[in-house]
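Read off the chains here:
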Amino acid sequence: MMTDATLEPIPADIPQAPKRSRMRSVFSKDRKAQFGIIVLGLFILGALLAPLIAPYDPNEMTLDMMGSPSGEHILGTDDLGRDLFSRILWGTQISLFVGVATVAISLFFGVLLGVLAGYYGGWIDMIIMRYIDLQWAFPNFIIAVYLVAVFGTGLLNVIVAIALAFLDDFARIARSMVLTLKEEQFVDAARVQGFSDIRIMVFHILPNAMAPIIVQATVSVSYAILGEASLSFLGLGVSADTPTWGLILADGRSFISQAWWLGVYPGLAIMLVVLSINFIGDALRDALDVRDADI
Amino acid sequence: MAAYILRRLIGAALVMIAVATLVFFMLRLVPGDPIAAMLAEAGSDEAREALTRKLGFDQPLIVQYFKWFGNMLQGDLGASIYGSNQPVSKIIVEALPRTLSLAFLSFVIALIIAIPAGIIAATRKNSAADTAVSLFAFLGLSMPDFWLAILLIIVFAANLQWLPAIGYEPLSAGLWPWLSHLILPSIAIGTGFSAIIARMIRSAMLEVLNADYMRTAASKGLPTRIILLRHAFPNALIPVITVIGIAFALLISGAVVVENVFAIKGLGRVLIQGIQNRDYPVVQGAVLVVSAFFVLSNLLVDLLYAVIDPRIRYS
Chain A
904 MMTDATLEPI
914 PADIPQAPKR
924 SRMRSVFSKD
934 RKAQFGIIVL
944 GLFILGALLA
954 PLIAPYDPNE
964 MTLDMMGSPS
974 GEHILGTDDL
984 GRDLFSRILW
994 GTQISLFVGV
1004 ATVAISLFFG
1014 VLLGVLAGYY
1024 GGWIDMIIMR
1034 YIDLQWAFPN
1044 FIIAVYLVAV
1054 FGTGLLNVIV
1064 AIALAFLDDF
1074 ARIARSMVLT
1084 LKEEQFVDAA
1094 RVQGFSDIRI
1104 MVFHILPNAM
1114 APIIVQATVS
1124 VSYAILGEAS
1134 LSFLGLGVSA
1144 DTPTWGLILA
1154 DGRSFISQAW
1164 WLGVYPGLAI
1174 MLVVLSINFI
1184 GDALRDALDV
1194 RDADI
Chain L
18 MAAYILRRLI
28 GAALVMIAVA
38 TLVFFMLRLV
48 PGDPIAAMLA
58 EAGSDEAREA
68 LTRKLGFDQP
78 LIVQYFKWFG
88 NMLQGDLGAS
98 IYGSNQPVSK
108 IIVEALPRTL
118 SLAFLSFVIA
128 LIIAIPAGII
138 AATRKNSAAD
148 TAVSLFAFLG
158 LSMPDFWLAI
168 LLIIVFAANL
178 QWLPAIGYEP
188 LSAGLWPWLS
198 HLILPSIAIG
208 TGFSAIIARM
218 IRSAMLEVLN
228 ADYMRTAASK
238 GLPTRIILLR
248 HAFPNALIPV
258 ITVIGIAFAL
268 LISGAVVVEN
278 VFAIKGLGRV
288 LIQGIQNRDY
298 PVVQGAVLVV
308 SAFFVLSNLL
318 VDLLYAVIDP
328 RIRYS
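Taken in order, these protein sequences are the chains called A and L.
For what it's worth, the numbering used here labels the leading residue of the first sequence as 904, then goes sequentially.
For what it's worth, the numbering used here labels the leading residue of the second sequence as 18, then goes sequentially.
A couple of the hints might just be wrong.
[Stated by the list, open to error] Covered by chain A, per the in silico footprint, the following chain L stretches (three or more residues, Cβ under 8 Å):
| id | segment |
| --- | --- |
| 1 | 27-39 |
| 2 | 93-100 |
| 3 | 166-172 |
| 4 | 266-275 |
| 5 | 301-312 |
[Claimed, not checked] In silico DSS-like pairs for lysine-lysine, Cα to Cα no more than 25 Å straight-line:
| id | chain 1 | residue 1 | chain 2 | residue 2 |
| --- | --- | --- | --- | --- |
| 6 | A | K935 | L | K142 |
| 7 | L | K282 | L | K107 |
| 8 | L | K84 | L | K71 |
| 9 | A | K932 | L | K142 |
| 10 | L | K107 | L | K71 |
| 11 | L | K84 | L | K107 |
The hints are simulated quantities; they were obtained by calculation from the structure and are not laboratory data.
This one's a predicted model, so the numbers in the text were calculated from it and none came from an experiment.
Don't be surprised by glycine CBs; every beta carbon is placed ideally from N, CA and C.
My request is simple: use the sequences and hints to build the entire structure.
Given below as structure tokens:
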């Protein structure tokens, strides 16, 4: 069998080689992106090492209730005497996991639908697009709230609910990329060689459609984290005894006039992570040369 | 143009029918027995049967669907199965002015922040002011609205005691009581929204500022202020209008969460309390009304867009 490499022309308008150096030059200049990488890195490290570095058990109640930040409890304690820092640290695990898992699911199925719709057209496209238009008629957050209302709370349900709410964004982008790319000569070349549709979609079209999908995925992780926090805050989240950022804020809400730290720090954690991801996403958009119109 | 409007209206009506159908059937997907879920543990056999009959669950699904749909068209969304069994439509009609007041004020606050910020950022590109606006936009997009709500309560309600921390007063009780209860929640919702609009205005202004007619206006000797406000800004608003539909989704989602922080019994609070009480008729009604508003606002944006920009062709 012939090697693919010799027969896979790289389209002239999508330069492949300079991408990596462009990435490096964008990230080496972009202070915001550097801030994002460092802060997000610290949170990821904190999430991974939570069992080792958390000073207290996040659910351990003590008599030191609503203690202000001190040497012993650096972010203070809540109304049940639980250490706020340990709770936020453990909450990082859930937030980051939900963010990444949600987008992974949403990306896989969304891109699958979008590629099928764009590549085959006809009735497949029509059915998929009607579904996507229908989903477009609901605000994303309302979809997630309704799904959790119907199927119940819990980690898996929250992930599935948010993933489903984002599905249409990925499908839309993937479809429009495929519609442009399938007219390109390198796709004709692959077809002439008798490659299967699946092979053409996965190895020829998809790699060239990745830039806007990567940017959208980054943005979606930040929305997913905000979404999970909002659901938890409303009591529709993972569970009442798993410390998540939204839940910690909801628990502390009644006490904020006496204990401001309960209202400030969990939200600060959410904002720092989301801000970091948004900074990185913005730099990726520059580096991958994705215009807003593509998304 | 009339044909275009008609087509869009029919399209929106079809979407609404599909939305209502989806909302109805999804609720029937509740794993296990929805009646048991609604009654929790306390349900006796008689209570079970009564509720089953009341909700019409003893009839075939398709009969239930058409009955529900027919009632809905007449404004009857069923009755709450919780508390005093009020009609869902009455609950929603009571909640609606609160959510609409909140959405309206949030929108106004967002524009008050976004329009000057966007114009300044565009006219002084790469200046310190531009950087500040860009940072503000990033912060606005990254800050959870319910957290901002809590921060505002800590500062302005708990400590300074300038504004009430919870509750709602109708406009009929006077302008200030109404406004004072809505200012903090509206800032909480409007800030994130203003970030999006400020960014849009900035990039649209930058594009417009390079257009030929801007050079013409300048060479006629018009003062910069007039050029910016009369020539550049209206054209920069066109792309902004397209995002308003999307932004309405943000306003509604924001209201759902923020109403719960400020204990304002709007649509969002009705929805969440409905979920907590397993009051499915209420949940169904609230989701339906929220989606209807969303579909309508998208329709209005499309029509407005066509009216404002005469370059758009209706084919």
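Verification of the supplied hints:
Only when three residues or more bring their CB closer than 8 Å to a CB of chain A does the claim for the segment 27-39 of chain L stand; here the count is 5, and the claim holds. Closer than 8 Å: that is the beta-carbon criterion, and the segment 93-100 of chain L has 0 residues meeting it against chain A, so the requirement of 3 is violated. Taking a C-beta to C-beta cut-off of 8 Å, the segment 166-172 of chain L contributes 4 residues in contact with chain A, enough for the three needed, and the coverage statement holds. Coverage of the segment 266-275 of chain L by chain A holds [criterion: at least 3 residues with CB-CB distance below 8 Å; count 6].
Here's how the segment 301-312 of chain L fares: 5 of its residues keep a CB closer than 8 Å to some CB of chain A, so the rule of at least three is met and the hint holds. Of the pairs offered as hints, the one joining A/K935 and L/K142 holds, with about 18 Å between alpha carbons and a cut-off of 25 Å not exceeded. Using a Cα cut-off of 25 Å, the hinted pair L/K282 and L/K107 holds, with the two alpha carbons roughly 13 Å apart. The suggested pairing of L/K84 with L/K71 holds, with an alpha-carbon distance near 13 Å, which does not exceed 25 Å.
As the CA atoms of A/K932 and L/K142 are separated by approximately 18 Å, the hinted pair is consistent with the 25 Å bound. With a CA separation close to 18 Å, the supplied pair L/K107 and L/K71 stays within the 25 Å bound. Of the pairs offered as hints, the one joining L/K84 and L/K107 holds, with about 19 Å between alpha carbons and a cut-off of 25 Å not exceeded.
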